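*Asks:* Listed below, chain by chain, are the residues.
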Amino acid sequence: MNETNFDWKKYAIAFFITTFVFIAALWTSNQIYGKQIEEMKTIINQISLNTSASEVQYNLLLETSCERAVDIDPIRDLDKFASMLSQAESQRGSDTEDVLELKKQYTLLQIKDFLLTKRLADRCKSDANYILYFYSSEKSCEECKKQGWVLTDLRSAYPELRIYAFDYDMDFQPIKTLQTMYKLTGNALPILVIDGKPVYGFKTREEIEQIMPLLKNIKKQQEEEAKKAALEALKAEQQQKKDGAAKPAASGTDTTTKTSSN
Amino acid sequence: MKEIFAYLNIPVYVVMFLVLYYQVFLLISFFDSFSHRKRAEETLKQYDRDSKDAPTVTIFVPCYNEEETIIPTIESLLRSNYPKDKLDVLVVDDGSKDSTYALVEKYIEEHPEHTNLRVVTKPNGGKHSALNLGLSMTDSEIVGCLDADSFADQEAIAELVKLFADPKVVAVTPSMKVWNPRNMLQQIQKVEYDVGIFLRAALSFINGIYVTPGPLSVFRKSLFDEIGGYKKAHNAEDLEMALRIQYNGKKIANSTKAFVYTVTPDNIPALIKQRVRWSQGFLRNSYDYRSMVFNPKKGNLGIIVLPMSILMVFFSIYAFFLMVGTILWSLAEKIMQVYFSGGFHFVPFSFSNIKWTWFAISASWIVFIMYAATAVSLAVTLLGRKMSNGKFNIFSKDLWLFTLAYGFIAPLWLTKTVFEVVTKKQNKWK
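First to last, the sequence lines map onto chains R and W.
For my numbering, add 709 to where a residue sits in the first sequence, where the first one is 1.
The second sequence: position 176 = 175 (my numbering), numbered continuously.
Next comes chain R alone, as it looks inside the complex (with noise of 0.2 Å):
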């Protein structure tokens, strides 16, 4: 063994070794990302062919009665597919082709999903229980995440909205297709489509309840039902404590009895 020089061989192995790991972790990183992506594309084709099938009953029921037609299932697991999507993009891009291509799948579908949902409303003269959300994936948007906090906490408290989320930034045909559809410029993002108008920039929870006819119709009858049963349960307690009011004499009545009898 030199001591002084080193050993340029010793460098070299462990060089070798170095880069064997290094490329064995990402490897190993790189098939678990592919297990990801076929997981997402037989999401994908079970959702289209849901899609297809809740088209289809849409199509067939709606020549004969409008509520049937309301009964629909809603479009399963996207929410599932979109929350795969943002881990995925998170992992490695927006820009990778499998991602983007899912992406544009998922675009589609949501599409599909959302021009059922406004032909039934258009159709059957019901409020629009639907909003579009635009974000961006490019610049750098901390409304659009907050935008995204407030429509999940409103999907969870109000089961009947749909909410469809679309990448303004993305380079897809039928993404441009919508922008020109509502007129939408990308300047103040997050922009939220309700009842076919645009509304750009950060909107709260109260705010879009105040905005969307449906919600604020919805509000308006849970509040009065809320009314309802404060009504009731103030006439209940009333009558509680005209009860309780009652029994007493009741009771002491019977002492009375009982005292007499003594």
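There could be a bad hint or two in this list.
[Stated by the list, open to error] Once the Cα atoms are required to be at most 27 Å apart in a straight line, the calculated DSSO-like pairs of lysine-lysine come out as:
#1 R/K854 to R/K821
#2 R/K834 to R/K892
#3 R/K718 to W/K296
#4 R/K718 to W/K250
#5 R/K854 to W/K333
#6 W/K250 to W/K230
#7 R/K719 to W/K385
It should be emphasised that the hints constitute simulated quantities derived from the structure, not laboratory data.
What you are looking at is a predicted structure, and each value in this text was computed from that prediction instead of being measured.
Start from chain R and add chain W according to the hints.
*Replies:* Here is chain W on its own, set in the frame of chain R:
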């Protein structure tokens, strides 16, 4: 914000590669040395402790206010399995304000049988001055130093001295262990010291040792005539001495069989204080010997050991703050999310909800590189433990404590070190 963190990850990839490379390099050096070591051990037999030509040894015990541990330290040396007539113990009191000196004097009086034990006192001047006084008071062939908070194993001196059979060796370092680890912090340090045993062994095979630790490093006395005595060296005289030896192209060996036990700090402030002194000593002395860094003439030490050791100081701080930043940022996001989505949405737990998905594992590159780096670090740690305790135990509590906590504690002193080095603040050795 997320983009900023992603951007900040790029140097992490590069340095992770280098750190992994360095660990692999040390592992290769370690395994490569097996055959060399066997051959070397055969030639060492001539320096057996019973042999008449065993060299004379003087061990200095420099001390300043060490009344609690000084006697056990001296006794550990006196119990050494080394010819009594060849071993001297010289306690150098560096102007202690407590009863250290008196205690040693009394001990000598009460134990007249220990004729090889001496004590001197001098005005306080720092550890280097105590060692230099010791050097001037002996003509033994081998001299060494044992800090007054450390205890030598019975076989330690004999094992250390054996390695001087190689005429090129001018200094030998021991294998340090933690004395009686009582609390969690000391148990973490125990594992750290075990890793140190492996590192020092691996470094010695490539002649890359850059510190001759205070607890029982031994030297040829003639070395000091050649390269001079101890210097103050930013209160890290043991580090400076090793660098000076290396600078002069001499060889430092390491004994994996010479064990020495040292008392370690039992609380975080004391630990940080000690480590800041060590790390500052390392950075400042490395700066003083900067001509060695990336210098191919200085062999492995110049080309890989010193550059990597310096890089690790800065990288640990960088990685720590990046990690803390990422954790705080995701915590802030979670709080904002809870705020904007109207509170927690509790999902009731149910086994039927659990379904295998590949999304349960992160497919991020950096995560997998970290797994690889952790695996190599674990191998290094286990080797150290094997050398220290003679067994592999992947399930021991202190190993996991070390794995989980060390990464959070070490950056504290490293950050303080760099801050003080930059602001030119000096520290004391005691």
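*Asks:* Each hint should be assessed against the structure and marked as holding or not.
*Replies:* Hint check results:
For the hint linking R/K854 to R/K821, the alpha-carbon distance of about 25 Å falls within 27 Å, and the restraint holds. With a CA separation close to 24 Å, the supplied pair R/K834 and R/K892 stays within the 27 Å bound. This hinted pair checks out: R/K718 and W/K296 have alpha carbons roughly 17 Å apart, not beyond 27 Å. Distance restraint check for R/K718 and W/K250: the Cα-Cα separation of roughly 22 Å lies within the 27 Å cut-off, and the hinted pair is therefore satisfied.
Annotation: proposed proximity of R/K854 to W/K333 holds, straight-line Cα distance about 11 Å (limit 27 Å). For the suggested pair W/K250 and W/K230, the alpha carbons sit about 20 Å apart, so the restraint of at most 27 Å is met. As the CA atoms of R/K719 and W/K385 are separated by approximately 24 Å, the hinted pair is consistent with the 27 Å bound.
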